[in-house]
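There are 4 protein chains.
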Amino acid sequence: MKALRKMRPQRGAQLESVGIPTLGPTDVLARVRAASICGTDLHIYGWDRWSASRIHPPLTFGHEFCGVVEKVGDEVTTIRSGDFVTAEMHVNCGHCRPCRMGQPHVCQNVKILGIDADGCFAEFVRIPARNVWKVDPAIPEHYAAIMDPLGNAVHTVLAGEIAGLNVLVTGAGPIGLMAIAVARAAGCATLFATEVNAHRRELAMKMGADEALDPSQGDVVQHVLDATDGAGVDVMLEMSGHPDAIHKGFQMLRPGGRASLLGIPKDPVMLDLVNDVIFKGATVQGIYGRRMFETWVQMTELLKHGRLNLEPLFKERMPLEKFDDAFSLLESGQAGKILFYPNGSAK
Amino acid sequence: MKALRKMRPQRGAQLESVGIPTLGPTDVLARVRAASICGTDLHIYGWDRWSASRIHPPLTFGHEFCGVVEKVGDEVTTIRSGDFVTAEMHVNCGHCRPCRMGQPHVCQNVKILGIDADGCFAEFVRIPARNVWKVDPAIPEHYAAIMDPLGNAVHTVLAGEIAGLNVLVTGAGPIGLMAIAVARAAGCATLFATEVNAHRRELAMKMGADEALDPSQGDVVQHVLDATDGAGVDVMLEMSGHPDAIHKGFQMLRPGGRASLLGIPKDPVMLDLVNDVIFKGATVQGIYGRRMFETWVQMTELLKHGRLNLEPLFKERMPLEKFDDAFSLLESGQAGKILFYPNGSAK
Amino acid sequence: MKALRKMRPQRGAQLESVGIPTLGPTDVLARVRAASICGTDLHIYGWDRWSASRIHPPLTFGHEFCGVVEKVGDEVTTIRSGDFVTAEMHVNCGHCRPCRMGQPHVCQNVKILGIDADGCFAEFVRIPARNVWKVDPAIPEHYAAIMDPLGNAVHTVLAGEIAGLNVLVTGAGPIGLMAIAVARAAGCATLFATEVNAHRRELAMKMGADEALDPSQGDVVQHVLDATDGAGVDVMLEMSGHPDAIHKGFQMLRPGGRASLLGIPKDPVMLDLVNDVIFKGATVQGIYGRRMFETWVQMTELLKHGRLNLEPLFKERMPLEKFDDAFSLLESGQAGKILFYPNGSAK
Amino acid sequence: MKALRKMRPQRGAQLESVGIPTLGPTDVLARVRAASICGTDLHIYGWDRWSASRIHPPLTFGHEFCGVVEKVGDEVTTIRSGDFVTAEMHVNCGHCRPCRMGQPHVCQNVKILGIDADGCFAEFVRIPARNVWKVDPAIPEHYAAIMDPLGNAVHTVLAGEIAGLNVLVTGAGPIGLMAIAVARAAGCATLFATEVNAHRRELAMKMGADEALDPSQGDVVQHVLDATDGAGVDVMLEMSGHPDAIHKGFQMLRPGGRASLLGIPKDPVMLDLVNDVIFKGATVQGIYGRRMFETWVQMTELLKHGRLNLEPLFKERMPLEKFDDAFSLLESGQAGKILFYPNGSAK
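Residue numbers (this note's numbering), protein chains in the order written: chain A, 1 to 347; chain B, 1 to 347; chain C, 1 to 347; chain D, 1 to 347.
The shape of chain A in the complex, shown without the other chains:
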């Protein structure tokens, strides 16, 4: 089968012909319908410091997809050939302390398919049955392909109370934009977004923000404080990983508020812990992956009831062969999701 692979510890990738994965008794083989590119894939393609430390070529990468089950291992009873599925690509160990404490999403021995083992930029992908998620038939195919990052957004937004609360989303990349849609669907009050890129600010408004602010222009902190009677927002969802956004975000957070951090800063960040966290009695949550599988249940319900309009997020759809174009587009700062169709063109 065709597979997009990292063959050497350097920039780039190669389309290779490899064998279809063989199944263990509890595995599932899915024929990939659509696969979506994550920022992480861009790092792997570009080969940055993180990639060099984590990725062991050769590797088929890619971890966002939907597809149809081709066959299942001997002991698999809950998934059948023909099922339309996606998957939680974080495979947890089940016996470390976080797993035992009901927090498998921060398993200490996690293996991520597409990072630590072969992923979905291929015609077929192998997944342990318990990580396979059947997609509700009411959910459109291209939405099913991005449930992994959408799950990040759902996890972040629903990690605390949200209905009737004022919310700030810092950073309007794909997951930030999804978070806006989710927070809106969950009944948030005023939703502020901050984002330096004008096009993304436009998208933020389309996704449901009340105000999309440019933090490089004027005093956004004062603006948001004024707009909230001096209190600040109840909830801050950090989606940028940018130190400046983090600093300003904390200044806009009200005492007693929640800050949920998903964005990945490149370097350590200087925090004014006293004023931004301690005296505020704030709750700061690190968000990683998706709750297994609370997030998947909630996300499925929101999608199948049509509560989320994600259309503005989708950009190019292309065959796997055009991977260099795809990564170039993304490196140029293209927001939005690009979909590969490894088994044929998108209809």
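Hints may contain errors.
What the hints assert, rightly or not - Which residues of chain A face chain B? A partial, calculated answer using Cβ under 10 angstroms: (1) P57; (2) V154; (3) L158; (4) A163; (5) R184; (6) A185; (7) A189; (8) D267; (9) Q298; (10) M299; (11) T300; (12) K304; (13) K322.
Source of the hints: derived by calculation from the structure; they are not laboratory data.
Even glycine gets a Cβ: it sits at the ideal position worked out from N, Cα and C.
Since the structure of chain A is provided, determine the placement of chains B, C and D on it from the hints.
Then chains B, C and D, alone, in the frame of chain A:
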């Protein structure tokens, strides 16, 4: 001033002329714009067993209203003449154990204005300043008049997670209908309502239910189980107080689910604790009043952002003089809210 | 091997010779060191209505034990021969909605070993590897044999806040007694127990109760209210399943309190929902099984640090052959735990 | 009356003769029995940057005390002359968003007695009645004098689950030491403390730590990871405010763990948010003041049941006149609490 008063321990009420309340240093006097009738007022009017045990005539009753501040006590600094307000009419003591534990809504020494002391079916009403709630100018006057019962609904719905979860509302009286609107605004998944009255089922659909089921026809329990893949609903909001609704509601609740009970059963209820609560690992919450003042904050945000369409709930608007007509209408099974305008006709 | 089996749908049991269980690839075989008798086993032995509806003879019963791993299936990597283990005998399905929502302890397709499949009253028992729990070497063998019921107690006590709170335990059978020890270890304030049996009241005091009250003598409700400045207890742990204990327990619960119900009433119970739950704003939790595996982690820590003295709970230790004596003793009202030693006498 | 006052914006303080405070209708006047010195008082005495920005001389400082009610304002009904009391010295406004959201301990308009208005280093102190806390007669006088800082410790420890969990306390100053006692009383598992000062490490062991580690010697991070099977601690209680302790503390925290920060860093702190918070899915809580009044209730119960042995904390007891000696002692690095007796010598 005019005041609708319970003068004697028997059915009925009288429109009386009484003095305008005098203010203590921490009190506020409001000129009532609109007052709304609660089911409790109907009990007081009709003089049932509960009323006989709790109400000490003479008493000006009524506890749902909005109005304009006429004057304030010497030590009141946060409320001013001219403010448009409503109020939390449960006056808590501040020093019992529930008050000290952050649960003033279940204060052991609560005094409810309109029940334990004079209320708002009058031209003027006196309220302790800390119980007065300034109404956001974006909130329509007739909505402001029903924030007390709407707060019951908001408290019930938001007493646990709701976004992305399947919900059952048992009973579509005014608060049940409000709960449907709130659950919908907060991003619930499928929303089932059960209600024997056909008109109320229609209202339930208008408020946002996906299905309004008649529990007297067919097997609603099986229907809801089938519609939820055999699981049952994640959340049950009990708004009827009817034993049959409670029984069926618990049968429709999934293991690990939440049942929030607001409806007031007349008598003790036989519960199958083993199968409905214990083996299910269910969480059952008694809901009383409104969180002080979390509920008021969340409700204000939902209202001011226009997330709740409550128009279908409103029925007659009448001068205070027509109180007998109002209570007759309600006793006839009229759902919906009736508003009094003690200081002149509604526009 | 020897196994104590239910062979026919009637009272009694038989010691049989059966084959040692064969292992699937993810199973573990343990040689039983000590097995403990649960109230449920007594029901199975006596063959009551519940047993008749649930148990399908022939069945090796028993679900509380500790033992040494004899061998493991081909795919088992985390458990080895020679490990000293016990097990969570509730085998969850992993794909129903409660399982997906992080609540496997209320799995809708649970299979309980010793009830729905062969259990541990035998020389050997087969367990799926993910249900096996390695016992910390600091935990005494006889404590390891009762981690299943102790887990019920830990689950109940730690299902909400407990430190610095006043607690009522209704019913001082084995799990009630364990709950007393756990609540005390977790820093509860005053601990009241109610129990009709004088011997058990004595045990309750030994386990750490401040007062062990006889609910058949005097007004225990008033006594507890008086002792808590009229407030009532913050937390009620219901361990009796007796309607009278439940009624009185709710009357002793303060507004805003938590009632965690583990005891199994034989029949539906009449509850004064209005006064005991709704107006109180109480939280009522059904408790079933053990959190998988939060409860096991917490319990292990409490045991290995010697925070729980459970010695007063232990009674007879006998070979499996003496099963009729054991069940007779328990039927006579004997509190405390009886241990079987299927592979030889206790030292 | 005598009062220890900050008279000028510079180092030092003066014992002055001032009038006894006059009472408003809702105030209480207490005759101070014992007052305790907080680190904050040391800052005010020494006049650091924070003091210069916050304190407006002249001011009677001091905010930890116990005493006897001398008289009460006209509207005070719940406190009487002769009551033995202490007080929550953070006076919240009641109408900002945090106050309205049930978080008065992070009120945006808080006034702290002893910082923003006259405090308790005097013969008498005036307190609003709702901030006065009656001391249970079972609580020793010198313990009552330090309920303010003890409340910080109780708030921190009980801000999340603690029973059966492994805990790290970074910093063994007075509040860190109290936190050790509280965590132990609440049933924590292994308790590690880190502290550079040898004397304080000794005290940490006396208060109940299992290990008191010197972070300047060897690799404490690796040591704690090894001691927790590689997982790290479940809960980190940061009591030092020192960047190094914070860094190491986060490295010792397990994925999914809780970090509760009370210590006040002098400067912003560089945090490795990705590895220490985000990828770990950690929950970081800023802790400020005491929950009003949940913390006071829990603390009272723990004290009155004798669950906390705080004796090792107490050092000198002296008349108010010896204030220079007291501050010198503390500036010399003396751990432990010093008590003033403004109305006469300690017995």
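The hints, checked one at a time:
Using the Cβ-Cβ criterion of 10 angstroms, the hint placing A/P57 at the interface with chain B is not satisfied: the shortest such distance is roughly 39 angstroms. The criterion of a C-beta within 10 angstroms of any C-beta in chain B is met by A/V154, whose closest approach is roughly 8 angstroms, and the hint holds. The beta carbon of A/L158 comes within 6 angstroms of a beta carbon in chain B, closer than 10 angstroms, and the hint placing it at the interface holds. Checking A/A163 against chain B by beta carbon gives a least distance of about 4 angstroms; that is within 10 angstroms, so the hint holds.
A least Cβ separation of about 9 angstroms between A/R184 and chain B falls short of the 10 angstroms threshold, and the interface hint therefore holds. Checking A/A185 against chain B: minimum C-beta separation of about 5 angstroms stays under 10 angstroms; hint holds. Taking 10 angstroms as the C-beta contact cut-off toward chain B, the hint placing A/A189 at the interface holds, the least distance being around 4 angstroms. The restraint placing A/D267 at the interface with chain B is violated, with a minimum CB-CB distance near 34 angstroms, outside the 10 angstroms limit.
The beta carbon of A/Q298 comes within 3 angstroms of a beta carbon in chain B, closer than 10 angstroms, and the hint placing it at the interface holds. A least Cβ separation of about 7 angstroms between A/M299 and chain B falls short of the 10 angstroms threshold, and the interface hint therefore holds. Checking A/T300 against chain B by beta carbon gives a least distance of about 8 angstroms; that is within 10 angstroms, so the hint holds. Interface restraint check for A/K304: the shortest CB-CB distance to chain B comes to about 8 angstroms, inside 10 angstroms, so the restraint holds.
Annotation: interface hint on A/K322 violated; nearest CB of chain B at approximately 35 angstroms, more than 10 angstroms.
In the structure shown, a violation is registered for the earlier hints numbered 1, 8, 13, in ascending order.
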